[in-house]
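Chain by chain, the residues run as shown.
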Amino acid sequence: MGQYYKIIIADYKQRTRSYAFLITLAVGLYFAYICIPPHGANYSTVRMGSYTGVQNAAWIGYVTAMMTSVFLALIGPYLINSCIKKDTDTGVGAIVATTRISNFQYLLTKAMGSFLVLLSIVGCVFLMAVALVCIRSGTYPFQLVQFLLPYLLITIPTVFFVSALSVTAEVFLYRYVILMNIGFFFFFGVVTSLQQNIAPPLDIYGVKPVTLAMEQTVLHQAPKANAQPSIGFIFGAKKANKSFVFEGIQWTVAEVLGRVMWMGVGLILIFVSSLFFHRFDIKQRFKARKKPKFSVVASQTKPLQDIKLSALPPITADYSVCPFIKTELLMLFRKGPRWLWLINLGGMAALIFAPITIAHQIILPVLWFLQVARWSDLATKEKTNRIHYFTYASYKPLTRLLPAQVMAGIILALALATPLMLRYAAVLQFIQVLSIIAGSVFIVLFAVAIGTLSGGKKLFEILFFLFTYLNIERAPFADYFGGINNGTNYLALIAGLSMLLALASFMIRKIEIQRV
Amino acid sequence: MELSIQNISKRYNKEKYGLKDYSLTIKNGILGLLGPNGAGKSTMMKMVATISRPTQGTITLDGHDILQEPDYIRKMLGYLPQDFGVYANLNAYEFLEYIAAMKGVGGPNLKHRIEALLEGVNLIEAAKLPIGTYSGGMKQRIGIAQALLNDPKVLIFDEPTVGLDPEERMRFRNLISDLAQNCIIILSSHIVSDIETIADEVAIMQSGTLITKGTQTDVVKQVEGKVFEILLDSAALPDFKAKYLVVNTSRQQAKTLVRYISGNPANGSAVAAASLEDAYLYLTHNKN
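Read top to bottom, the protein sequences are chains A and B.
Quick note on the working numbering: the first sequence kicks off at 1 and runs consecutively.
Quick note on the working numbering: the second sequence kicks off at 1 and runs consecutively.
Everything labelled a hint here was simulated from the structure, so no lab data went into it.
Note that CB positions come from ideal geometry on N, CA and C, so glycine has one too.
Take every hint as true, because none was put in to throw you off.
Computed cross-link-like contacts, EDC-like style, restricted to lysine to aspartate or glutamate with a CA-CA straight-line distance of at most 16 Å:
1. A/K396 x B/D71
2. B/K75 x B/D65
3. A/K308 x B/D178
4. B/K226 x B/E277
5. B/K111 x A/D318
6. A/K510 x B/E69
7. B/K111 x B/D151
8. A/K510 x B/D71
9. B/K255 x B/E229
10. B/K128 x B/E115
11. B/K221 x B/E201
12. A/K308 x B/E119
13. A/K383 x A/E512
14. B/K213 x B/E196
15. A/K383 x B/D83
16. B/K27 x B/E201
17. B/K75 x B/D62
18. B/K139 x B/D83
19. A/K308 x B/E115
20. A/K510 x A/E382
21. A/K13 x A/D87
22. A/K308 x B/D151
23. B/K153 x B/D178
24. A/K396 x B/E69
25. B/K75 x A/D318
Where chain A lies over chain B, by a calculated footprint (3+ residues, C-beta under 8 Å):
26. 83-96
27. 116-124
28. 143-151
Sample of chain B residues with no beta-carbon within 12 Å of chain A, all distances over it, derived:
29. T60
30. G63
31. G214
32. E224
33. L245
34. N248
35. S262
Make the full structure from the sequences, and use the hints.
See the structure below:
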């Protein structure tokens, strides 16, 4: 048992020793803070119609636990995915494959490592919740059990299930990261949309028993009130101006078993995955399979020939960025399985035929979000692929390569948004066209800046998901592409932010180039 | 051409140095760098390749300070790092086109030059396959091809023969011997015989400092008359090893032929001809 503990801890350490993880923990603290809206805030998180709970320990505990459960289910997979891929890429997997550890044990340790990563975020949320209780609960008594229970029965089973699901997805979709990201997005999207009518034990998030109890509490206080529950950041809606006292719930055995069941489902998923796990015997599935003539063995029988540098065709200086853009676009296009472009084409078709407001406010951000894997490593792939020794030693890397990467990313964004821009142009709404162009520049520069700052792609993936979620929820401050906000002032703001992001990216890259 | 490295240091913290007060002048020809792991060979090469900055000191190429004007050397630089990667979903041709763009070279002949290089490194048949399908040796050959794309005048090869089979190593040595006539070539290797065969000059490094530099003859001279061979019973070997610097042992029927270095040889020893490997082991051992 001790050896598995050591494996899990080692896995946890290597995944958390990064600035990106520290930033994630800071975001976790901030998230917990905004889960409990202060007085006068123009948004709500958990509410029953126009009712919201007084900020006692039970309310703060349950709300933060429920919100964390839902949000870690939504963004958690992006935080913890690629744990097996990392072992493949680093070659550690080949060593693991030769040891006595079974597939199930290996996958379980990976899931537990992921679970600990998510648990660290839950820990931050919990600490902030404690602080909020101290600051805001006033004269209400501190109910320790009702403060702790939601974390134990709501959040922890959810994050365990998410960890197991993430490992399972990686076993079956290890070559299709994009598909995995899209799969998580839609899976939890469907789960969220089913929340209203689902039976409490089947609720993955574990919030249903709580919202039912809250609803009953409100109805007990005001029998004719509209106590329709809602969870999530809801902006600009009519304020919840009435309050009720929520003192927690008495969990029934069936409800507790329902939560344990999801942890069991997680274990079953890991077990089933272990039957199909490749154990790092990964076949090359590139074209080589279709063209067996080009076998590695055949090439190895022919060594280097004599090369005379002076006899090679002469070349001339060419400092243009066009070849870079071409190759960057090629790599963006080839990322992920090609049939996924059918989804992009479907999204572009929807931009043509859907009502223009929905096309702009919902379809465009979702379509752009589907490119998350393409943009997330736009400016970090040199390091992850160990190409940076070439790029940083190349001619003017700062003023040639980085702009080319940004331009390739923008071209992709604009190409996807073209149908919508044409529609706006056809009705002479050029300010909207400009907003979309500004949005595409912003999101690509955001990807580059966050990537160069964090040194990886996960932080951008999470933030981009949050942006997309907030845009679907119509949060005005997250609208980077003019879906809600209009006007030249807003355009100027986005352009200004883009310039700051560009400046930050260039500064960070300049430092990177000198610090290999 | 003259590359001059003057008093460069790379300091990581108060006590840890990657390089310490390192000076070297290199003219056209091949400089072989030898040293144990952590000696600072790669650090020094990265500095010349402008991807790492020294904490102090200067590096000039024909009088141009490359720390101030890195693009001066980058235009004529061919660099093969020790541990480089590739974009797995590009093929060899596309990858070399990309590297050519980085190096700022192009023109109508670029396509032919890439093809000629791919033929030279014998990857022309696999040129349209994703590099992700290549073996380690094939990737190393792509690395060699990219280093030669831009008519380099300064070539830096960090452990270039890793992954190459013996015949490929021989071909590679021929290749850089040919290039050395008009270029500065800095070559590091753990395989002393690679350096021994082709280097005009040898620099031996340890713990971030330069122990010695000179022609092979100069370096080997330092150990001439100190290399001996003796036949021993196998049982006596551990005690012998504790007393002398043993550089090689080989079984000869019931006994062991021991090659060692010492200023005070054991009875029954015969003087042997010194080699670069002997000098390397002697100098790095003495420093310890």
